[in-house]
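Each protein sequence line maps, in turn, to chains A and B.
Going by the numbering used here, the first sequence wraps up at 323, each residue one higher than the last.
Going by the numbering used here, the second sequence wraps up at 821, each residue one higher than the last.
A few of these clues could be false.
As the list claims (entries may be wrong) - Residues on chain B that point at chain A, a partial pick, calculated with CB under 10 Å:
1) R639
2) R640
3) T645
4) M656
5) F663
6) L681
7) K685
Honestly, the hints are just simulated from the structure, not real lab data.
Beta carbons are placed, not taken as given, at the ideal position from N, Cα and C, and that holds for glycine.
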Amino acid sequence: MSTFKDKLPPISQMGPFIALLIACVIFGSTTNRFFSGENFSLILQQVMVVGVIAIGQTLIILTAGIDLSCGMIMALGSIVMTKFAQDLGVPAPLAILCGIGVTALFGLINGLLITRIKLPPFIVTLGVFNIAFAITQLYSGAQTITEVPPAMTWLGSTFNIGQTSVAYGTVLMIVLYLGVWFWLRETASGRHVYAVGNNPEATRLVGIPPENVLLWVYVLAGVFYGIASLLAVSRTGVGDPNAGQTENLDAITAVVLGGTSLFGGRGVILGSLIGAVVVGVLRNGLTLMGVSSVYQVLITGILVILAVTVDQLSRKGGR
Amino acid sequence: MATQPLVMQAKGLVKRYGQVTALDGADFELRAGEILAVIGDNGAGKSSLIKCLSGATIPDEGQIILDGQIIHFKGPIDARRVGIETVYQDLAVAPAMTITENLFLGRELRREGFLGNTLRMLDKKKMLEQAIQRMNDLKVGIRSMTQAVETLSGGQRQCVAVARAAAFAEHVVILDEPTAALGVKEGNMVLELIRRVRDKGLPVVLISHNMPHVFEIADRIHVARLGKRGAVLNPKKISMSDTVAVMTGALKPEDLPPEMLA
Chain A
5 MSTFKDKLPP ISQMGPFIAL LIACVIFGST TNRFFSGENF SLILQQVMVV GVIAIGQTLI
65 ILTAGIDLSC GMIMALGSIV MTKFAQDLGV PAPLAILCGI GVTALFGLIN GLLITRIKLP
125 PFIVTLGVFN IAFAITQLYS GAQTITEVPP AMTWLGSTFN IGQTSVAYGT VLMIVLYLGV
185 WFWLRETASG RHVYAVGNNP EATRLVGIPP ENVLLWVYVL AGVFYGIASL LAVSRTGVGD
245 PNAGQTENLD AITAVVLGGT SLFGGRGVIL GSLIGAVVVG VLRNGLTLMG VSSVYQVLIT
305 GILVILAVTV DQLSRKGGR
Chain B
560 MATQPLVMQA KGLVKRYGQV TALDGADFEL RAGEILAVIG DNGAGKSSLI KCLSGATIPD
620 EGQIILDGQI IHFKGPIDAR RVGIETVYQD LAVAPAMTIT ENLFLGRELR REGFLGNTLR
680 MLDKKKMLEQ AIQRMNDLKV GIRSMTQAVE TLSGGQRQCV AVARAAAFAE HVVILDEPTA
740 ALGVKEGNMV LELIRRVRDK GLPVVLISHN MPHVFEIADR IHVARLGKRG AVLNPKKISM
800 SDTVAVMTGA LKPEDLPPEM LA
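Working from the sequences, and respecting the hints, build out all of it.
Rendered as structure tokens:
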């Protein structure tokens, strides 16, 4: 007998929607500015950097890995692209590509250490977190880069849909999500990402070397961090050497809230988008309510632990 | 049975691991349409033999012959490519993925035209149809091919793994302890399936510690002993206790009456 209940996705995938709903109801009833197209557009602009980092992070977590260095790599990317343009006079498009190239290179370094020397992702990316942060500070001299060519801020500019202005960057984020969603769901190489997260030995035995899949996932994640670098520059209008500090954990929070299992092999990429929006809505709503930012950090922390608990319990529940 | 042609053959396989000689000139013969059980004490060279046949290890010396052709494996993929499918003991499945996805993992079917060639899109419908058809051929009673493998019982999972091997093997199916860790009913379910695989015409190599299971379905029994082939026995003529005696060396094969050998 196929009931409505069978058709519902498991609770771990419903979580982010429920959280989003609750947050919207609370903020909608306590502040009158919350429910407006303008505010939602602002929330999306606020989450676009975290959202795009979370795409890379989701891919890595799907393989049962973790990337603690994502925010720092993103910051390095934005410094490289802005400084190449400002100091070396590299044309903007080329400078952007250089920035993305550097973040992809750091993804490659993560991937090589994990697949060739078989180091645990947690330790590798914790090390790279520090390395990327230090290089960012050294290269920028801890100075914000302010002379940014207009091509780098274009994604932060907006166009109007009706009364609401929408940033090009948020459109890019959504397009990237849809693209990755299609890849993970409809292609063999996308399914192999899940297979590696599920059972790397099984994947090897059917002729797919799990190391290759992992390496590509880390490089690809680096490319997404690079795109996030550009979005960060476009949003703030500067190259900020201290960027990426909140994004680092917010991206992991978004992925976990989005229902992707930290044990690998389970999850839906679009959940991470919802997760990122939940984090954004929380920050936005709490700010509108006049709650100090320390409490926002506190609540995000509690949320991550709740989400991981749901993940763990639903696995034990025999699913 | 003795008149059936040889499908797979190994001659004088030697495999050393440092000081230890796991295989010391082992021979092996698999005939068309049979279930050949491989038994042996721990350290008798049973698993080294199977690893050589499935491409998981490369023998130091000796030949493997498939359908009259000498073959060299560099890895399990080479063995698969020539039509030898192996089901490993530790259930090589991806638990959160569907039965269909597991059946086609690593050999997915793509759509035709632009969607398949350019967008690399999978043909999920075709894979589902083929999965249903293949499972029906082998009478594996599973309700839905779109359910995750982790929702299945241990026996059903093992059936999926065996069916996957049978569906894609062209020459040989190798099963490593397929009924270990299963209850009586589930074990029988898997034995039934193995019989159907043979009846479909695929020879099966069955590695098992479970003597009642071996005697229930094997056509011949290959006894690995001291890194060699100790004997090949006929389960219809020899008793289980004599088989164990041959396995442990208490009985010498040359002392057995000839009808007990196969």
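Here is what the structure says about each hint:
no.	hint	in the structure
1	R639	holds (7 Å)
2	R640	holds (9 Å)
3	T645	holds (8 Å)
4	M656	holds (6 Å)
5	F663	holds (9 Å)
6	L681	holds (6 Å)
7	K685	violated (13 Å)
When the structure is compared with the earlier hints, a violation turns up for hint 7 alone.
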